[in-house]
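Student: Since each chain comes alone in its own frame, lean on the hints to assemble the complex.
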Amino acid sequence: RKEVEQDPGPFNVPEGATVAFNCTYSNSASQSFFWYRQDCRKEPKLLMSVYSSGNEDGRFTAQLNRASQYISLLIRDSKLSDSATYLCVVTRQPGRRALTFGSGTRLQVQP
Amino acid sequence: GAVVSQHPSRVICKSGTSVKIECRSLDFQATTMFWYRQFPKQSLMLMATSNEGSKATYEQGVEKDKFLINHASLTLSTLTVTSAHPEDSSFYICSARDERPDTDTQYFGPGTRLTVL
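Protein sequence lines, in the order shown, are assigned to chains A and B. Heads up, the first sequence is in the working numbering, so the first residue is 94 and it goes up one at a time. Heads up, the second sequence is in the working numbering, so the first residue is 469 and it goes up one at a time.
Only chain B is shown next, with the shape it has when bound in the complex (with noise of 0.2 Å):
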């Protein structure tokens, strides 16, 4: 079946720095990512769309310039998180839309454990 990935699985940072993550569509193209964020304990929340070749679309609340998104080609989304500070700490998962005929599916990473000391 389709593969989403995602890099790095797990980082443990210093507060102030900033860390960037990767979502990758392995075996098919996806003109549409999300990114979603966890806190323990919590459900998945939708932080923002992105969107290949244009400016992903945040969830009200999310700040577009500490979560910067970048969809530069059908296969890669990458979320940076600018300034890390310990509230970011969460676990932090990507999803693509598979858009051909008959799927229509979204497959979700592995996901992105971020801590921030």
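The following block holds chain A by itself, in its conformation from the complex (with noise of 0.2 Å):
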């Protein structure tokens, strides 16, 4: 079983959709959630942290639910520029920084 999974998709929406993201980790023991994004051929970049409690961040909004070993990502209004793969990611277990990736699921929207 892997670590992070996600659905790879790919998600086809239209502009102004609602699109939401699951992932689901199998480390209990693993501290810090987020969010990254991939576009093609480029290096992950950093969208946002998941806590606990949720966060919000303009169109975007993570939850982590820790019994379920759970994590979300709701995108609103989405738009042309949101297309890229969305990458699921954990640290691996206390103290330990190096980062556990899921696949991603790629997202495309369409005009």
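Hint data in this document are derived by calculation from the structure and do not stem from the laboratory. A portion of the hints provided could be inaccurate.
To be verified - Mimicking DSSO-like on lysine-lysine, the simulated pairs with C-alpha atoms at most 27 Å apart in a straight line are:
no., chain 1, residue 1, chain 2, residue 2
1, B, Lys509, A, Lys138
2, A, Lys95, B, Lys482
3, B, Lys534, B, Lys488
4, B, Lys482, A, Lys135
5, A, Lys135, A, Lys172
6, B, Lys482, A, Lys138
7, B, Lys509, B, Lys523
8, A, Lys135, B, Lys534
9, B, Lys509, B, Lys532
10, B, Lys488, B, Lys532
11, B, Lys482, B, Lys532
12, B, Lys488, A, Lys95
13, B, Lys482, B, Lys534
14, A, Lys95, A, Lys138
15, B, Lys482, B, Lys509
16, A, Lys172, A, Lys138
17, B, Lys488, B, Lys509
18, A, Lys135, B, Lys488
19, A, Lys135, B, Lys509
20, B, Lys534, A, Lys95
21, B, Lys509, B, Lys534
22, B, Lys488, B, Lys523
23, A, Lys135, A, Lys95
24, A, Lys172, B, Lys509
Stated by the list, open to error - Chain A stretches covered by chain B per the calculated footprint, using a threshold of three residues with CB under 8 Å from any CB of chain B:
no., stretch
25, 111-124
26, 190-201
Said to hold, decoys possible - Derived CB-CB ranges, DEER-like:
no., chain 1, residue 1, chain 2, residue 2, range
27, A, Asn158, B, Lys523, 24 to 30 Å
28, B, Ser541, A, Thr111, 31 to 37 Å
29, B, Thr499, A, Ala113, 33 to 39 Å
30, A, Gly147, B, Pro569, 23 to 29 Å
31, B, Met513, A, Asp150, 24 to 30 Å
The structure presented is a predicted model; accordingly, all values stated were derived computationally and were not measured. Yeah, the Cβ is synthetic: ideal placement off N, Cα and C, and Gly gets one too.
Tutor: Structure representation (structure tokens):
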């Protein structure tokens, strides 16, 4: 079983749509959680950290459920520029800052 | 914001040659840097953790004698792919950990695309 599992997609949505991505992780000792965005042939860029209390950054809302080991990302009012691969990322174990990446969910926003 | 650079951005080499990739943190010191590899349509996989002034920690299945890591200063880590073969062709990405108070964030370099003929 992969440490971080994501639906690979692709998700094809029209502009303005709301789209949700889910992710599960297997290591219950994971302490930090993130969503990264990766454009084709580029390095990943941090989109937002994820907290149990939930956090919002503009059109993006992230949620963490530690009991279910489940992370979500909601994108409202999708823009063409949101088209990318979204990576669910966790730190492997306490005190160790190496990141474990999910395989990513591809989003294509269409005009 | 903090910037991490990698050089070269792209390299094409013949099978059997060695390739050195540099990762630099440009405006902060990084005692810890990480090297990842990404094959097409796959996720980033951690290869090794580079520690300034000490030996790198390699992930299971990564050959330390093939992928030599040197972290000689607080702003530079190098990855040398020795005797490269076509199966080593991949996208190599480093990240550097900014451990200053109130940050503790990782920043990724732009990656190096290696093609071994």
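Student: All hints, please: hold or fail.
Tutor: Right, here's what the structure says about each hint:
With a CA separation close to 17 Å, the supplied pair B:Lys509 and A:Lys138 stays within the 27 Å bound. Distance restraint check for A:Lys95 and B:Lys482: the Cα-Cα separation of roughly 34 Å exceeds the 27 Å cut-off, and the hinted pair is therefore not satisfied. Our distance criterion of 27 Å between C-alpha atoms is met by B:Lys534 and B:Lys488, whose separation comes to about 12 Å. Using a Cα cut-off of 27 Å, the hinted pair B:Lys482 and A:Lys135 holds, with the two alpha carbons roughly 24 Å apart.
At most 27 Å may separate the alpha-carbon atoms for a hinted pair to count; A:Lys135 and A:Lys172 meet this at roughly 19 Å. A C-alpha spacing of about 31 Å is found between B:Lys482 and A:Lys138, which places the hinted pair above 27 Å, so the restraint is violated. The hinted pair formed by B:Lys509 and B:Lys523 fails the criterion: a straight-line CA distance of about 31 Å is larger than 27 Å. Between A:Lys135 and B:Lys534 the CA atoms are separated by roughly 25 Å; this keeps the pair inside 27 Å, and the hint holds.
Of the supplied pair hints, the one linking B:Lys509 and B:Lys532 holds, its CA atoms being roughly 25 Å apart against a limit of 27 Å. With a CA separation close to 14 Å, the supplied pair B:Lys488 and B:Lys532 stays within the 27 Å bound. For a cut-off of 27 Å, the pair hint linking B:Lys482 to B:Lys532 stands: about 21 Å separates their Cα positions. Pair hint B:Lys488 plus A:Lys95 does not hold up; C-alpha atoms about 31 Å apart against a cutoff of 27 Å.
With a C-alpha separation of about 16 Å, the suggested pairing of B:Lys482 with B:Lys534 holds against the 27 Å cut-off. Restraint check for A:Lys95 and A:Lys138: the C-alpha separation of about 22 Å stays at or below 27 Å, so the hint holds. Taken as a hint, the B:Lys482 and B:Lys509 pair is honoured in the structure, with Cα atoms around 24 Å apart against an allowance of 27 Å. Restraint check for A:Lys172 and A:Lys138: the C-alpha separation of about 18 Å stays at or below 27 Å, so the hint holds.
Of the pairs offered as hints, the one joining B:Lys488 and B:Lys509 holds, with about 24 Å between alpha carbons and a cut-off of 27 Å not exceeded. Annotation: proposed proximity of A:Lys135 to B:Lys488 holds, straight-line Cα distance about 20 Å (limit 27 Å). A threshold of 27 Å between alpha carbons decides the hint, and for A:Lys135 with B:Lys509 the separation of about 13 Å falls inside it, so the pair holds. With a C-alpha separation of about 26 Å, the suggested pairing of B:Lys534 with A:Lys95 holds against the 27 Å cut-off.
This hinted pair checks out: B:Lys509 and B:Lys534 have alpha carbons roughly 24 Å apart, not beyond 27 Å. Between the alpha carbons of B:Lys488 and B:Lys523 the distance comes to roughly 17 Å, so the proposed pair stays at or under 27 Å and holds. The hinted pair formed by A:Lys135 and A:Lys95 meets the criterion: a straight-line CA distance of about 23 Å does not exceed 27 Å. For the given pair, A:Lys172 sits about 23 Å from B:Lys509 by alpha-carbon distance, which is consistent with the 27 Å threshold.
With 0 residues bearing a CB less than 8 Å from a CB of chain B, the stretch 111-124 of chain A misses the requirement of three and the coverage assertion fails. Remark: the stretch 190-201 of chain A is confirmed as covered by chain B, as 8 of its residues place a Cβ nearer than 8 Å to a Cβ of that chain, reaching the required three. Roughly 38 Å separates the CB atoms of A:Asn158 and B:Lys523, a value that falls outside the hinted 24 to 30 Å. For B:Ser541 and A:Thr111, the Cβ-Cβ distance of about 47 Å falls outside the hinted range of 31 to 37 Å, so the restraint is violated.
Between B:Thr499 and A:Ala113 the Cβ separation comes to about 38 Å, which falls inside the hinted range of 33 to 39 Å. The hint said 23 to 29 Å for the Cβ distance between A:Gly147 and B:Pro569, and at roughly 26 Å that hint holds. Range check, B:Met513 to A:Asp150: about 28 Å between beta-carbon atoms, so the 24 to 30 Å window is met.
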